[in-house]
Amino acid sequence: MLFYTPEFLAFSIILLAVLAVVNRDTPRKVVLLLASYIFYMWWNPAFVLLIMLSTGIDYVVGRLLDGETREKRRRLFLVVSLCSNLGLLAIFKYLGLFMESARFLAELSGQEVSWHVIHLTLPVGISFYTFQTLSYTLDVYRRVIPTTRNGLDFALFVAFFPQLVAGPIVRAADFLPQLRRKIKLHCDQRTLFLILRGLAKKVLIADNVGVFADAVFANPEQWPSLIIWVATIAFAVQIYCDFSGYSDIAIGIARVLGFELSLNFDHPYMARNPSDFWRRWHISLSSWLRDYLYVSMGGNRVGRFATYRNLMLTMLIGGLWHGASWNFVVWGFLHGLLLVVHRYYGELRRRFGASGKRSMGPIAMIASIAAMQYGVLLTWIAFRVQDFDQMWVAMKKFVIFDFDFAIAGLGLGGMSFFSTLLLLAVFFMLHLFSWRVGHIERFLGALSASWALGVCLALGCTAYFLWPLSEVPFIYFQF
Amino acid sequence: MVIGIILAIAISPAVFNSIDTDLSRVRVLLRAAQNPDLAPAVVVLGNSVVMEGVDTRAVASALPGKPLVFNFSATGQTLVESFLYYQQLPASVEILIQMVAPGSLADETPLRDQKYNAYYMYGFRPTPDTAETLTSIFGGAVESILGASELSQRFRSRWVVRQMVDTSVRKLLRADLALSSATNDLYFPSSHALAFSPDKLQRALKLWFDRWPVRSYDALPQHLALVGAMSDSAKASERAFVLLLPPIHPWIREQRGKEFYREFRAQIAELKRQHGLRVVDALELLDSDRFSDHQHPSDDGARIVSTFIAQELIAQGVIEDIAD
Chain P
1 MLFYTPEFLA
11 FSIILLAVLA
21 VVNRDTPRKV
31 VLLLASYIFY
41 MWWNPAFVLL
51 IMLSTGIDYV
61 VGRLLDGETR
71 EKRRRLFLVV
81 SLCSNLGLLA
91 IFKYLGLFME
101 SARFLAELSG
111 QEVSWHVIHL
121 TLPVGISFYT
131 FQTLSYTLDV
141 YRRVIPTTRN
151 GLDFALFVAF
161 FPQLVAGPIV
171 RAADFLPQLR
181 RKIKLHCDQR
191 TLFLILRGLA
201 KKVLIADNVG
211 VFADAVFANP
221 EQWPSLIIWV
231 ATIAFAVQIY
241 CDFSGYSDIA
251 IGIARVLGFE
261 LSLNFDHPYM
271 ARNPSDFWRR
281 WHISLSSWLR
291 DYLYVSMGGN
301 RVGRFATYRN
311 LMLTMLIGGL
321 WHGASWNFVV
331 WGFLHGLLLV
341 VHRYYGELRR
351 RFGASGKRSM
361 GPIAMIASIA
371 AMQYGVLLTW
381 IAFRVQDFDQ
391 MWVAMKKFVI
401 FDFDFAIAGL
411 GLGGMSFFST
421 LLLLAVFFML
431 HLFSWRVGHI
441 ERFLGALSAS
451 WALGVCLALG
461 CTAYFLWPLS
471 EVPFIYFQF
Chain R
1 MVIGIILAIA
11 ISPAVFNSID
21 TDLSRVRVLL
31 RAAQNPDLAP
41 AVVVLGNSVV
51 MEGVDTRAVA
61 SALPGKPLVF
71 NFSATGQTLV
81 ESFLYYQQLP
91 ASVEILIQMV
101 APGSLADETP
111 LRDQKYNAYY
121 MYGFRPTPDT
131 AETLTSIFGG
141 AVESILGASE
151 LSQRFRSRWV
161 VRQMVDTSVR
171 KLLRADLALS
181 SATNDLYFPS
191 SHALAFSPDK
201 LQRALKLWFD
211 RWPVRSYDAL
221 PQHLALVGAM
231 SDSAKASERA
241 FVLLLPPIHP
251 WIREQRGKEF
261 YREFRAQIAE
271 LKRQHGLRVV
281 DALELLDSDR
291 FSDHQHPSDD
301 GARIVSTFIA
311 QELIAQGVIE
321 DIAD
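Chains as they are written, first to last, in the working numbering: chain P, 1 to 479; chain R, 1 to 324.
Derived by calculation from the structure, the hints in this document are not laboratory data.
Among the clues, some could well be false.
[What the hints assert, rightly or not] Which stretches of chain P does chain R cover? Using the computed rule of at least three CB atoms under 8 Å from a CB of chain R, they are:
hint : stretch
1    : 210-222
2    : 450-459
3    : 463-472
[Said to hold, decoys possible] Computed list of lysine to any residue pairs in SDA-like fashion (alpha-carbon distance at most 25 Å, straight line):
hint : chain 1 : residue 1 : chain 2 : residue 2
4    : R       : 206       : P       : 230
5    : R       : 206       : P       : 399
6    : R       : 200       : P       : 215
7    : R       : 115       : R       : 222
[Unchecked claim] Interface residues of chain P toward chain R, partial, derived using beta-carbon atoms under 7 Å:
hint : residue
8    : 416
9    : 418
10   : 419
11   : 422
Idealized CB from N, CA, C, for every residue including glycine.
Chain P extracted, bound-state conformation:
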């Protein structure tokens, strides 16, 4: 059930109507939990059992950890949770990739392979809710949060539908306390504009610029550098608007239901260096990886080379988290490389006496943003193109600009080249505006009723004319 479909609209209306009638907290939680399961089952009813299994295991492990003081037993319970959660992920998400790779290696070494690769249907959102339940168990194990005894609260924490299938990845420490308060439905102009902003990002920008990126990356060999550049920027905008659009809608719907979810994006294309980028891009995942993986491996407290290793491993695993394909590992590797190089550069600067923090002049700031985004764009090619030969071709054309502008004369009419450029320009103006001045819904939320009506009317007209002709699922649903 996609957020912008009539089914979801009907689902939301019914849910809000029921919640308006049901006043007490526990019945409201039951309604929310049932609604979350129905939302998930809309896609594939059988896989709701996996969520229930994951919920059950971590709830029981959490209870067993509660009051258990023997470290060995605590570690054993943690291992049970890790094995079962990561085991589910390995079976449903990575089995096909591992078998394919094993088969490839076996064939490469001249061995005859008799077994077939098994490709299981990927349960939507499994990477998100698995990390969410794992964070709970790890926090309980580390005694960061207390065990929750309320099974209903825990089940709702795992399955809460606005963020169930594509995040933000919610921490138990942030969400469970909200369940202990009275649930108040909440709807103001600003929240509505937040939801609208998410919808607009997804439907008006991501789905439209994606058409051009898809056409070019279907066969990057035939295009010159100029087109590869535009397609790469189009994909960068598509994936940002698609994913952050989903997050905006999820945060908005959660707010309507009385819950606050954490921010997932903060102007990533204004990042000045790799660390800054990961503080702005998919914040809930990057902070998860930092807290539970990077820090667990020793973080930056273990010497220079071990720090580099930790950074690289964290990013490689982060890449693999995205999808069962080696191109995501390459993407993670490139980001790991950027982080290592940036860290090394910082060390060099410190060694030669430069101060750690100093304010940047505008030219230096623009230069650092441009340099960083050049790297980010290059990594997006690895993310977008699965085939390694084609990825290499596209990267080469991106890095070594061929100054071939003859393509303009060959006609790109069917690919909507110019309207894609226009949409990209609109996006970057809005991105820049909200970075320097503030999120647009803050201003829209403060509009008088008549102005708000006018904006909504114009948005309605624009939405109608730019609404894609076919339904495009959110990119992160596949992860």
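Assemble chain R onto chain P, guided by the hints.
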């Protein structure tokens, strides 16, 4: 917002008809076909190869009595799209010249949703005969496109705004092309593009073969059936039906090989035998220097093709048949 959407749906037909897109020529052709003041005797249909490659004034001037000859071709016009015009043509039309390229019979998508949406929004409605012929040949896919409701067509027509941006910017940037002529001219809707440099031509050919790799020729039975139905429809309206095999760039012919074109011609010969239609074979008519790019004849090439068509109409007795 809902009011905004309703407003947009309400104004969409007016918006559609008032702005220029790549499919504006469809509007020009449908209006010309319905104009009682225009009474062409000969009509040529096909895609951009006919737009750039047939000057119907030159055809007319080489024919006895200099009849009115119209070029009803449009960019990317498929066989099915050409067939949609048949029901619209005025009774004055006595000869129908239909372009059929190798690709028209082999891998052409019969009718695209978005294309037909333009026809619909410009006022085209299929007659029961047209709908039945196309549905019986192509089945459900075309039936669902032709049968879409008014509301659904209006809703689909929203692509036009985005397309307008592309069309307008191209108009600004490509001042070297006669885009207005390509949209509005009923005789020689050529954009009069400058010839490609050898480098650019190589690039275009590479793109072409990336999209349509070399393989053996294989015509689709539905497309063959459609040509038969087109011929039958022309006969029923007492029109002579002529197939025009368009000129192909020698480099493409060389890449595809002789066997490819032998097979294509064999299919055309079989159609000729079954339906008694006439064929003007211009496949090998032009040298490479008579093309402006890898596909389209230059103005010089168009003159040669136009004269050739007229000569063939006379030689094959098509004009005499009409005179009789």
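Now the hints, each set against the structure:
no., hint, verdict
1, 210-222, "holds (count 3)"
2, 450-459, "holds (count 4)"
3, 463-472, "holds (count 6)"
4, R/206 x P/230, "holds, 21 Å"
5, R/206 x P/399, "holds, 23 Å"
6, R/200 x P/215, "holds, 21 Å"
7, R/115 x R/222, "holds, 20 Å"
8, 416, "holds, 6 Å"
9, 418, "holds, 4 Å"
10, 419, "holds, 4 Å"
11, 422, "holds, 6 Å"
In summary, this structure violates none of the numbered hints.
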